[in-house]
Structure formats: C-alpha cells, structure tokens
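Keeping the supplied structure of chain V fixed, place chain H with the ligand upon it in accordance with the hints.
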Amino acid sequence: MNQETEKQALLRALLKGSRENASQVIKQFIDQDHTIIDLYEYLIKETMYEIGYLWETGKISVATEHLASAIVENLMNEIYHLIATPEKKEDLAVICSIENEQHQIGSKMVSDVYEMNNWNTRYLGANTPKNDLIHFVKSINPKMLALSMSLFFHLPELESTLQTIKKELPGLLIIIGGQGLKHGSQDFLKNYQNVFYKPDLFSLDSFLKTQNQHD
Amino acid sequence: MTKDVLTESANHLSQACCETIEEYKNKSSLLVSKMNASMLKKSNLINIVGSDNIEMMKDNHANHVQFISSILKYKNTAVLIETIIWVFRTYRSHGFSIEYWSVQLNEWINILKEELSQNIFDEIIPYYKWMLLNIPSFVLLSEQNT
Ligand code: B12
Numbered sequence: 059m060n061q062e063t064e065k066q067a068l069l070r071a072l073l074k075g076s077r078e079n080a081s082q083v084i085k086q087f088i089d090q091d092h093t094i095i096d097l098y099e100y101l102i103k104e105t106m107y108e109i110g111y112l113w114e115t116g117k118i119s120v121a122t123e124h125l126a127s128a129i130v131e132n133l134m135n136e137i138y139h140l141i142a143t144p145e146k147k148e149d150l151a152v153i154c155s156i157e158n159e160q161h162q163i164g165s166k167m168v169s170d171v172y173e174m175n176n177w178n179t180r181y182l183g184a185n186t187p188k189n190d191l192i193h194f195v196k197s198i199n200p201k202m203l204a205l206s207m208s209l210f211f212h213l214p215e216l217e218s219t220l221q222t223i224k225k226e227l228p229g230l231l232i233i234i235g236g237q238g239l240k241h242g243s244q245d246f247l248k249n250y251q252n253v254f255y256k257p258d259l260f261s262l263d264s265f266l267k268t269q270n271q272h273d
Numbered sequence: 004m005t006k007d008v009l010t011e012s013a014n015h016l017s018q019a020c021c022e023t024i025e026e027y028k029n030k031s032s033l034l035v036s037k038m039n040a041s042m043l044k045k046s047n048l049i050n051i052v053g054s055d056n057i058e059m060m061k062d063n064h065a066n067h068v069q070f071i072s073s074i075l076k077y078k079n080t081a082v083l084i085e086t087i088i089w090v091f092r093t094y095r096s097h098g099f100s101i102e103y104w105s106v107q108l109n110e111w112i113n114i115l116k117e118e119l120s121q122n123i124f125d126e127i128i129p130y131y132k133w134m135l136l137n138i139p140s141f142v143l144l145s146e147q148n149t
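Chains as they are written, first to last, in the numbering used here: chain V, 59 to 273; chain H, 4 to 149.
Just chain V, with the same shape it has in the complex:
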C-alpha cells in the first residue's frame, strides 16, 4: 500500500503539533475505505517510526517526539467509536507493556485489535510492574494476556514475567510482540508453551480470527 502522501501530511501535522490537522488526515484516510489496521500499520506506525528516526538523527527534540505521541494517543481515542463492537463475547484479554517499558502506542493498538474481534479488554498501558500484573491477571482470570516490549534490553524483564506466569498461571495463553523482539530475539520463546510471538497487527488479527472459529 502506498500511503506516502498521507504519511507526509500526518508527519507535518505531528511536527507542527496540530491535533486538528492530524485528525483531518486520519479521517480522510478512513473515509477512503481503509481498515483501522491499515491505518495503524501503514499510516500511524510508519509515521511514528519516522518521528523516531528524526529524533535519532538529531533533527527533532524529545519535546517534539512527546508532542507527536500525545497527539497520536488522542487520535486513537477519537476513533474509538469505530473500534468498539456492540456484540462482545465473554472472552477477556489483558494487554500491557511490560515492566520498565515506556512505549505504549503499540500495545494500545493491540488492545484495539482485540476489541475489533469482539473481545472484552483490560488495557493497562506502559510500564506495568510484574507483580501487580500477576495479581491483576489472577483476579480477573482472562483468556489471553498480550505483552509488548519495544527495547531489546527489557528481555530479562519479559522472561522473568513469563517464568512467573508459567509457575503461577500455567496454561494462560500469552501473545507477545514489539520491536524489541526483532532479529530473532524471540527465539528463547521456544522454551515456553502457550506463548506466541506475533510481529504485527495483521498476524494478531488472523490469530484471533482462527481462535474465533474454534469457539
């Protein structure tokens, strides 16, 4: 999909700090019959990666990066009416970014994909302390847990969370994703049953759809 024009327009709006313009770009994109997953993967994700590159190469400040994230999170809230489905199943999923992980836009998108597949969700956001997560999960007994990790150096935290869950909540289905698991860093997962790596929203969506068929 070539969404270069829209990407440039969204990038300009975010750099300018104009929530209004950014909202307009999103609205037009959706009006062109693109799906929410297309919007997330091709427009918002790509534009945020570009924002990251501009910070990395010293072209924008941390403040501008924060501004862009804040606008994007607002835009995602604005389109919630397109995500919420009236016919919820009984299934419940808990979604969060792991302990110390401050990046939460990816996990918020993941939560929306569950909702679009008629799941009930509890989205806990960024930096969820391991012990609190375990208590919370025990208290509401979800069918799935989805964890996001953006930085490779949070792998020890991810593994420690998986180990605790294996002991205390054996059998819980866990989906993990995020940029920190690129380049084969997810290989250690073969030591875990019930833990699956999904690199993007498309693969998560297909996985949830096959789950729906099994129900």
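The set of hints was computed from the structure by calculation and includes no laboratory data.
Only a predicted model underlies this, so the values are computations on that prediction, with no experimental measurement involved.
All C-beta atoms in this analysis are idealised placements derived from N, C-alpha and C, irrespective of residue type, glycine included.
Some hints here could point you the wrong way.
Incomplete in silico selection of chain H near chain V, CB under 7 Å [to be verified]: (1) Q69; (2) F70; (3) S73; (4) Y77; (5) N79; (6) A81; (7) V82; (8) T93; (9) S96; (10) S100.
Below, chain H with the ligand alone, put in the same frame as chain V:
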C-alpha cells in the same frame, strides 16, 4: 568493513555463563555510578560529549549496562551490531565526538577490571575489546543511510 565482516567476528564472542551475567547485572548500578563519576572528572568532558549533553551521557551509561547484560544472556549478533550502529548515529547526531567511544570503552574496561572477579572479567572483556577494535567500522556504518 561491511556488516558481514563484523558479524563474522562477533559470532566468535561466546555466550556468558549464569554466574557472569548475575555478577555483571548485580554490580550494574555501581559500574554506572563509577563510570559517571570518572567521566565527570575529565576536564575536557565538554569536548568529548558536547555541551548540554551530560544527562544524555548518563542515560547512555545506564542503557549500556542493561544492554550488555541482555546481550550476555541472549547472545544476538544482529542486535549487537544494529544497536551499536544506532548508538553511534544517535549520539553523534546529538553532538558527541567520535573520541567519546574510545574514552568510554576504555573507561568501562578499567572499571570492570576493578570491580569484577577475575574469571568474570575474563569472560566479558572480549566483548569490550571487540567493540573498541571495531570503532572505525561502526563510525563508518553509522554515517551511512542518514
Ligand atoms: C514515542 C517514542 C517514545 C515515547 C513513548 C511514549 C508513548 N506514549 O508510548 C517515550 C518518550 C516514552 C520514549 C522513551 C524512550 N525511547 Co522511544 N520512541 C518513541 C518512538 C518515536 C515511537 C514509538 C511508537 O509509538 N511507535 C509506533 C508503534 C505503533 O510501533 P511499535 O511499538 O513497534 O508497535 C507495532 C509492532 O511492534 C506491534 N507490537 C507492539 N507491541 C506488540 C505486542 C503484541 C502482543 C503484538 C501482537 C504486537 C505488538 O504492533 C504495532 C503495530 O504494528 C520510537 C520510534 C519507533 N521506531 O517506534 C522511539 C524508540 C522506540 N525509542 C527509542 C529510545 C532509545 C527510547 C529511550 C531509551 C530514550 C532515552 N534515552 O530515554 C526511552 C526508553 C524508555 C523506556 N524505558 O521504555 C529508540 C529505540 C532504539 C533501539 N535501537 O532500541 C526508538 C526506536 C527511537 C529511535 N529511532 O532511536 N520513546
């Protein structure tokens, strides 16, 4: 030098054992505070890291030990190389000098020697020597595609 050559040499670095990972990790805060202290003592620090960059330097040191802990545990050559290229590009574009890499890595080596048990130091040091030796390649690679 291409990434392939770096990959080939990095593949010879061995995965650390549990004890090494534990000791490095447990001493991380100490290593970082000694590292920051010794860099702050340098009279030419501003020339090395650029003005207004002390906090960013400290962030880098904190991230460095977390990153190395993870690399020691989950050895991953592609992540090692890509992350070093990323670090070089990011810090250079924020005003750090090329000299920062050799100063920093030599300083880590001194501190690790002081703080780690000999056998643990021996296991970790090949990583630092490899990074030090390959600074010129990382500088080149980080200047491409910008
Ligand atoms: C915004 C941002 C921040 C914000 C986050 C705010 C927020 N509300 O989330 C703040 C300021 C907190 C931040 C902090 C830092 N950041 Co930052 N940040 C970014 C930025 C620009 C965008 C992140 C984002 O939203 N991306 C868009 C989302 C949609 O993409 P995503 O997370 O990959 O998610 C997608 C998939 O991975 C997948 N996915 C993600 N999670 C999951 C989970 C499941 C279950 C599934 C199925 C799929 C899935 O689905 C999504 C859609 O495809 C990125 C750039 C980038 N490349 O992402 C840098 C980036 C990730 N950050 C980076 C860095 C270095 C940092 C800091 C270390 C900086 C510092 N020195 O302090 C800190 C670390 C904080 C911490 N401990 O976590 C670097 C990482 C580089 C590296 N090699 O590891 C990046 C790549 C910037 C760069 N180009 O240099 N950051």
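Item to check | Violating hint indices (sorted, rising) | outcome: Violated hint (a single one): 10; every other hint is consistent with the structure.
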